[in-house]
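Take the two lone chains, each set in its own frame, and fit them into one complex as the hints suggest.
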Amino acid sequence: MKTVDVDRSLCDNHGQCAIAAPEVFRMNPDGVLEYEPTFDDSLLGEVEEAIDVCPVQAIFLKD
Amino acid sequence: MARRIAIAGASMGGLRAAEQLRSAGWEEEILVIGGEIHPPYKRPPLSKEVLKSPGSIEEALAAVTLRQRRTATGIDWKLGAPVTGADLKGRTLTLATGEQLGYDGLVVATGLRPARVRVPGPLHGRHVIRTLEDSLGLHRELQPAARIVVVGAGFIGCEAAATATLLGCRVTLIEGSTGPMQRTLGRELSEGMRSFLTQRGVECISGERVAAFTWNDDGAGGTQRCTGVRLAGGREVQADAVIEAVGSTPNVEWLAGNGLDLSDGVLCDGHLRVLEAEHVVAVGDVARYPDRRTGTGPRRVEHWATPADTAKIAAPALVAGLNGTETPEPVAPLPAFWTDIFGIRVQGVGSPAVADRIEVLEGDPSRPADGAALAYYLGGRLIGAVTSALPADRQLHYRKLVTEAGLPASSQLAAV
Ligand SMILES: Cc1cc2nc3c(=O)[nH]c(=O)nc-3n(C[C@H](O)[C@H](O)[C@H](O)COP(=O)(O)OP(=O)(O)OC[C@H]3O[C@@H](n4cnc5c(N)ncnc54)[C@H](O)[C@@H]3O)c2cc1C
Ligand code: SF4
Numbered sequence: 028m029k030t031v032d033v034d035r036s037l038c039d040n041h042g043q044c045a046i047a048a049p050e051v052f053r054m055n056p057d058g059v060l061e062y063e064p065t066f067d068d069s070l071l072g073e074v075e076e077a078i079d080v081c082p083v084q085a086i087f088l089k090d
Numbered sequence: 019m020a021r022r023i024a025i026a027g028a029s030m031g032g033l034r035a036a037e038q039l040r041s042a043g044w045e046e047e048i049l050v051i052g053g054e055i056h057p058p059y060k061r062p063p064l065s066k067e068v069l070k071s072p073g074s075i076e077e078a079l080a081a082v083t084l085r086q087r088r089t090a091t092g093i094d095w096k097l098g099a100p101v102t103g104a105d106l107k108g109r110t111l112t113l114a115t116g117e118q119l120g121y122d123g124l125v126v127a128t129g130l131r132p133a134r135v136r137v138p139g140p141l142h143g144r145h146v147i148r149t150l151e152d153s154l155g156l157h158r159e160l161q162p163a164a165r166i167v168v169v170g171a172g173f174i175g176c177e178a179a180a181t182a183t184l185l186g187c188r189v190t191l192i193e194g195s196t197g198p199m200q201r202t203l204g205r206e207l208s209e210g211m212r213s214f215l216t217q218r219g220v221e222c223i224s225g226e227r228v229a230a231f232t233w234n235d236d237g238a239g240g241t242q243r244c245t246g247v248r249l250a251g252g253r254e255v256q257a258d259a260v261i262e263a264v265g266s267t268p269n270v271e272w273l274a275g276n277g278l279d280l281s282d283g284v285l286c287d288g289h290l291r292v293l294e295a296e297h298v299v300a301v302g303d304v305a306r307y308p309d310r311r312t313g314t315g316p317r318r319v320e321h322w323a324t325p326a327d328t329a330k331i332a333a334p335a336l337v338a339g340l341n342g343t344e345t346p347e348p349v350a351p352l353p354a355f356w357t358d359i360f361g362i363r364v365q366g367v368g369s370p371a372v373a374d375r376i377e378v379l380e381g382d383p384s385r386p387a388d389g390a391a392l393a394y395y396l397g398g399r400l401i402g403a404v405t406s407a408l409p410a411d412r413q414l415h416y417r418k419l420v421t422e423a424g425l426p427a428s429s430q431l432a433a434v
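Taken in sequence, the protein lines are chains A and B.
Going by the numbering used here, the first sequence opens with residue 28, and the numbers climb by one from there.
Going by the numbering used here, the second sequence opens with residue 19, and the numbers climb by one from there.
In case anyone wonders, no lab produced these hints; they're calculated from the structure.
Treat the hints with care, as some may be off.
Stretches of chain A that chain B covers, calculated by requiring three or more beta carbons in the stretch to come under 8 Å of a beta carbon on chain B [stated by the list, open to error]:
1. 35 to 47
2. 50 to 57
3. 76 to 90
Lysine-lysine pairs mimicking DSS-like chemistry, simulated, CA-CA at most 30 Å apart [unchecked claim]:
4. LYS60/B / LYS89/A
5. LYS89/A / LYS29/A
6. LYS60/B / LYS29/A
7. LYS418/B / LYS29/A
Small disclaimer: the values here were computed from a predicted structure and weren't measured.
Where is the CB? At the ideal position from N, CA and C, for every residue including glycine.
Chain B with its partners taken away, still in its complex shape (with noise of 0.2 Å):
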């Protein structure tokens, strides 16, 4: 009998894990299970172009829909079918249909989900941005002159404040303790990245906390409906929607009662075999691997190249386990991230967010949109470098640098 891997979550990283095991050589079953009804799709549109114009629901899906590689053939798919249940040792899945699966190997590629403001408030008139029917929901609320209020100035929070204003609403970002995107690009651009958002109409809240959400109360036992938010200062701003972009969840329930460390993802070696557990590797924004690069310890990633890069590291790592052959050894990957707010480009490759030391290489990180470069170092080494609208050739000059500072004495592939 065929053997089985059963991948958990249909999303990028499912789909680069199926075609990375049959690039290992994986010629027997692969079944991916997704919670979605869509087939593999990307997310970065949902922020930008398509929460800008996304057309039909049809037109949307075609535009974000992952093209899959020719190769790549014979793969299973069960979509709209989330995994509710796993027990690791005896290898079966249980789904929310009820039905259970055996398998041999399994892939967690279950990703994230958006985190919420916490406080209480009825959900009518609040919005989260992660799936293809998030963006088109929140694009009906995008009218012209619509007060919408964005909670977190992370890359999400900044390109939907971006988007909302283009499409002519009044915009209010409240940051929380970080300016917008503080905590991956650093003070200075993040500063500088404030100027520019707030010259182009975003009204930017540093410092302050939503301590209350406000609601209309109809009397009529109607639907409450969101109307702004309270700060922590006391000011009360009105809305006629808010998107809370204040980070994210790893969606690993799941697989509770496996004794896995699942502190903050799925945690991994640098393989991506998860701890704990044997044929089990975890891909995309739900990993939890050592940062080779940085030897800063196990994190996660959460960027466009992550599921690629796990995958290519995940599967010939499975594929070995099964079949009783030696492990490749793994490349330590690369990160890459980019983002797009009001027509410039901010590339970042590295990782930035850990540095303890930031040095402008071109350009002046308090005027982004004139073209800057930032070096980010740790403990004296380059580990990540950041532009901002430059020409495509200074990233990749700069990802060479940062290549070429290699790995630090202390890298290592355990977890711990």
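One chain only, chain A, in its complex shape (with noise of 0.2 Å):
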């Protein structure tokens, strides 16, 4: 398993996450995002692609 965090300062819910990782990341009916912290290795890929298209950056994997 693996985990990952979301600095809620810094996430503007753009819901970008949630389109490369939808079983990590998704977006409530309020716009809010919500996530699992911890997640299957098999899901690292679509995890450093949330990543990389977080327009603001808000998403560090921990190790």
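Given below as structure tokens:
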């Protein structure tokens, strides 16, 4: 398992992460980000894409 | 000896290409050559947050510098050294420094530069927005009560007009032949955006073209400075500074003389392999590739998601070519874009620009600040959706519908 963290002070609820890695990130009906901090290693590629596309670089992979 | 992939252009496209080459298993040399002195940084804030309050140059740079993947190691950077020429047969690049560099594979990632208003006049007092320096230089002119003329009402022109207004400037937006962001959003939403901009204090002048710049001549041989514009209809608009946001020109001159189609960026196939060249791919804004989702032929896509989308296809194709292995089947990227104007966010997906019919899905496009969604069709198939001032989950919902509409029967990988 791997861990990911979103800096809520940066996150602007763009929703780009939810496009790249829908198993980990999703937007609730109020348009606010919800996410699973721990995810399976097989999703690492998708999560890296989410990190790349987040316009405010709010997503961080933890060791 | 290790083989080398050279990447020309060290912005988001160059960075994503380097990262994706490593992900595609390329363990040999990667050299990124950039014309700018900065490491890759993001441009969207340059007409928005950074233009509004940049702080010091160090602070601005820190705010925009792109984080790099930890897995992308061993990448060499040569910054502040524009490529001036390429011999694709001899696999050699010439840099502005006079240096010549050989390569085995090449990635074209040189992006765009702003087009200029093509009428004569001194450049002093006239601005474009593409680089960090452009944004910082323009910010200094956006003093309270300054008269600012923005020429061109695409995304960057509208964003700059909004930012300048928020800083207390008196802003006039010269739209040109189409309304605000009309080329992308279509007429209805564009008209809604015009009323929104007007309500927020931007004076919009429609259907007018700049016929001439005006400038002062101090008679003493000092620097001449632009003082405004004269429109084709005769009206003069005075300005303390003019912002030119009239589109962009691909940076492809360095590739001349190699028999490539450089008529609008670099023409590629669906794998982003440059046509008529061997072991050359293109990524980002400069790449013109088949739009498989609309089947409308090759085009360039100038959006935030493009560098990542194209690098993901181009890198494995280049590595496969160099290693003589099979090229993986590429996905058909689904473009996505957004803009922030006076606090409302417009988000789009797909290719609304080529639609032949637009339908309102939610809200009222004449009041974009109150929430609206539109669907864009081509030949009866959904090819795009735009939301304005709606929560991101609505955008994701419409994105799903566009994805589910699939590819047209005519979808093909070849460029022609
Ligand atoms: C002001 C502004 C605001 C934007 N806002 C948004 C937005 O809100 N939403 C959105 O979706 N998109 C936005 N975009 C678009 C997005 O930023 C671009 O799509 C993205 O920057 C493309 O990256 P690129 O690497 O392909 O090209 P570029 O960013 O143009 O990078 C090309 C790089 O190559 C270098 N170069 C050029 N010629 C040479 C040469 N001969 N040798 C070496 N290096 C060279 C250039 O100096 C540059 O650093 C905006 C763009 C701008 C300018
Ligand atoms: S892409 Fe970034 S800003 Fe947008 S919701 Fe995800 S973390 Fe937040």
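Annotated coverage of the stretch 50 to 57 of chain A by chain B, confirmed only when three residues or more have a Cβ within 8 Å
holds (count 5)
Given hint LYS89/A paired with LYS60/B - CA-CA distance at most 30 Å:
23 Å, holds
Per-stretch coverage check for the stretch 35 to 47 of chain A, three Cβ contacts closer than 8 Å to chain B:
holds (count 6)
Just to make sure I understand the rule, a stretch counts as covered if three or more of its residues have a C-beta closer than 8 Å to a C-beta of the chain. Does the stretch 76 to 90 of chain A meet that for chain B?
Answer holds; 7 residues pass the 8 Å Cβ test.
When you check the alpha-carbon spacing of LYS418/B and LYS29/A, does it fall within 30 Å?
Within the cut-off at roughly 27 Å; holds.
Restraint status (C-alpha distance of LYS89/A to LYS29/A at most 30 Å)
7 Å, holds
Decide if the proposed pair is consistent with the structure: LYS60/B and LYS29/A, CA atoms, cutoff 30 Å inclusive.
27 Å, holds
Consistency note: the structure conflicts with none of the earlier hints.
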